[in-house]
Amino acid sequence: MKNHIQKGDIITVPAPAGGIASGEGAIIGNIFGIAAYAAAVGEPIELATTGVYQLPKATAAVLTVGARVAWDNTAKNINVPGTGRFPVGIATEAAGNGITSVAVRLDGVATVAA
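First residue of the sequence shown: 1, per full-length UniProt numbering; consecutive thereafter.
Restricting the straight-line Cα-Cα distance to at most 20 Å, the calculated cross-link-like pairs of lysine to aspartate or glutamate (DMTMM-like) are: (1) 7 / 46; (2) 76 / 24; (3) 7 / 107; (4) 76 / 107; (5) 76 / 46.
In short, the hints are calculated from the structure, not lab data.
Full structure from sequences and hints, please.
Encoded structure:
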């Protein structure tokens with residue numbers, strides 16, 4: 001197929017302001033993904049948009065298996081959905097108050113938070 005660019009589970013985009021570290025979550029436009037490697041602002045970066053990743057979690061957030069989760073771009077962590085948070089997928093493990101990370105299955109859907 002002549003118009004195929006890439007599969008879509010990994011996409012290449014310019015790194016956001018401030019750059020990005022390997023394994024860090026990022027919102028670029030209406031896309032959320034996990035950086036495959038570190039990059040300075042504007043450099044091409046590969047973002048994984050699907051898959052299951054261990055991500056930092058808001059300490060006070062209580063998540064159950066299958067709970068919808070969102071990325072808080074200010075705090076750079078997973079939290080419950082809410083205003084200003086970007087929906088990214090579902091928790092694949094329970095994570096209670098005081099737990100600092102959670103496994104999340106990314107939806108690969110670009111959706112702007114309310």
